[in-house]
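Student: First to last, the protein sequences are chains A and B.
Start counting the first sequence at 1; every next residue gets the next number (the working numbering).
Start counting the second sequence at 1; every next residue gets the next number (the working numbering).
Hints listed in this document are in silico derivations from the structure and should not be mistaken for laboratory results.
Computed from a predicted model, the values in this text were never measured in an experiment.
Any given hint could be a false lead.
What the hints assert, rightly or not - Label pairs and their computed distance ranges (CB to CB):
#	chain 1	residue 1	chain 2	residue 2	range
1	B	LYS68	A	THR16	25 to 35 angstroms
2	B	GLY16	A	SER62	48 to 58 angstroms
3	A	THR113	B	GLY16	32 to 42 angstroms
4	A	LYS38	B	LEU110	12 to 22 angstroms
Claimed, not checked - Here are the simulated lysine-lysine pairs, DSS-like style, with alpha carbons at most 25 angstroms apart:
#	chain 1	residue 1	chain 2	residue 2
5	A	LYS22	B	LYS112
6	A	LYS53	B	LYS68
7	A	LYS36	B	LYS112
8	A	LYS18	A	LYS53
9	A	LYS40	B	LYS68
10	A	LYS40	B	LYS69
11	B	LYS100	A	LYS38
12	A	LYS40	B	LYS100
13	A	LYS18	B	LYS100
14	A	LYS40	A	LYS9
As the list claims (entries may be wrong) - Part of the chain A face toward chain B, derived, beta carbon under 7 angstroms:
#	residue
15	LEU45
16	PRO83
17	ALA87
18	LEU90
19	PHE106
C-beta: ideal position from N, C-alpha, C; glycine also.
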Amino acid sequence: DTEVTQTPKHLVMGMTNKKSLKCEQHMGHRAMYWYKQKAKKPPELMFVYSYEKLSINESVPSRFSPECPNSSLLNLHLHALQPEDSALYLCASSHPSGGSNYGYTFGSGTRLTVV
Amino acid sequence: AQSVTQLGSHVSVSEGALVLLRCNYSSSVPPYLFWYVQYPNQGLQLLLKYTSAATLVKGINGFEAEFKKSETSFHLTKPSAHMSDAAEYFCAVSGGAGNKLTFGGGTRVLVKP
């Protein structure tokens, strides 16, 4: 299995809703990432988990709450989002050394719309 | 801090013509460099990566890139463009602390018949 699977593919939520994005990989990667991508822009790093521990938080608002329950799963819990949070949310995984020969594998993303 | 700069946000090529996408990097440590492609409403697909093994890197779909340390460049080329190459292309760099993968601004490729 050489894929990163993200669910759901599309999500529409109100500003008072609570929802979660899920990401799963079975490549034995011990580093996992959340990126946010606005239209016509490059992906921007949000969080990095290494060996199930949060290692980087790029000053993301607290309405986004990541969780890594085990080495294969990564969640992003959403609460009280704003319309400007509408974007494509990408999950990725890699060997813990990140930029080594192993590279980064991305999921196909969750298209989030906040209404 | 590491960064990459992609020259040209849009490139238009004719089908069968050379595709050249430019990327320059800035890194205080030996960089790992990547090219990704993104089709509309999809995630990122790795085209190729430079990890210091060889300066000329061959990737998928006929793409290749050459790492030039003296020019701090990692330009992407394909000898003959195909209609299916129309997409957004991102150069990215990683290395140093934190396993961060940082992207350039992207180049949108339009292929004309």
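Student: Hints first: check each against the structure and report whether it holds.
Tutor: Here's how the hints hold up against the structure:
1. Against the hinted window of 25 to 35 angstroms, the Cβ-Cβ separation of LYS68/B and THR16/A comes to about 53 angstroms, which falls outside the hint.
2. Distance hint check for GLY16/B and SER62/A: the Cβ-Cβ separation is about 52 angstroms, which falls inside the suggested range of 48 to 58 angstroms.
3. At roughly 39 angstroms, the beta carbons of THR113/A and GLY16/B sit within the given window of 32 to 42 angstroms.
4. Under the hint 12 to 22 angstroms, the C-beta atoms of LYS38/A and LEU110/B, about 21 angstroms apart, fit the expected range.
5. Our distance criterion of 25 angstroms between C-alpha atoms is broken by LYS22/A and LYS112/B, whose separation comes to about 38 angstroms.
6. At roughly 36 angstroms between alpha-carbon atoms, LYS53/A and LYS68/B are farther apart than 25 angstroms, so this suggested pair is violated.
7. Restraint check for LYS36/A and LYS112/B: the C-alpha separation of about 31 angstroms exceeds 25 angstroms, so the hint is violated.
8. The straight-line distance between the Cα atoms of LYS18/A and LYS53/A is roughly 23 angstroms, inside the 25 angstroms bound, and the hint therefore holds.
9. Proposed proximity of LYS40/A and LYS68/B is contradicted: the alpha carbons are some 28 angstroms apart, above 25 angstroms.
10. Simply put, LYS40/A and LYS69/B have alpha-carbon atoms about 29 angstroms apart, too far for the 25 angstroms limit, and the pair is violated.
11. Proposed proximity of LYS100/B and LYS38/A is supported: the alpha carbons are some 19 angstroms apart, at most 25 angstroms.
12. A hinted pair counts as satisfied when its Cα atoms are at most 25 angstroms apart, and LYS40/A with LYS100/B qualifies at roughly 21 angstroms.
13. Straight-line distance between C-alpha atoms of LYS18/A and LYS100/B comes to about 28 angstroms, which puts the hinted pair past the 25 angstroms bound.
14. With a CA separation close to 19 angstroms, the supplied pair LYS40/A and LYS9/A stays within the 25 angstroms bound.
15. For LEU45/A, the suggested interface contact is upheld, since its CB lies about 6 angstroms from the closest CB of chain B, less than 7 angstroms.
16. Using the Cβ-Cβ criterion of 7 angstroms, the hint placing PRO83/A at the interface with chain B is not satisfied: the shortest such distance is roughly 20 angstroms.
17. Interface hint at ALA87/A: violated, since its Cβ lies 13 angstroms from the closest Cβ of chain B, which is beyond the 7 angstroms cut-off.
18. Satisfaction of the interface hint for LEU90/A is found here, the shortest Cβ-Cβ separation to chain B being roughly 6 angstroms, below the 7 angstroms cut-off.
19. Checking PHE106/A against chain B by beta carbon gives a least distance of about 4 angstroms; that is within 7 angstroms, so the hint holds.
When the structure is compared with the earlier hints, violations turn up for hints 1, 5, 6, 7, 9, 10, 13, 16 and 17 and for no others.
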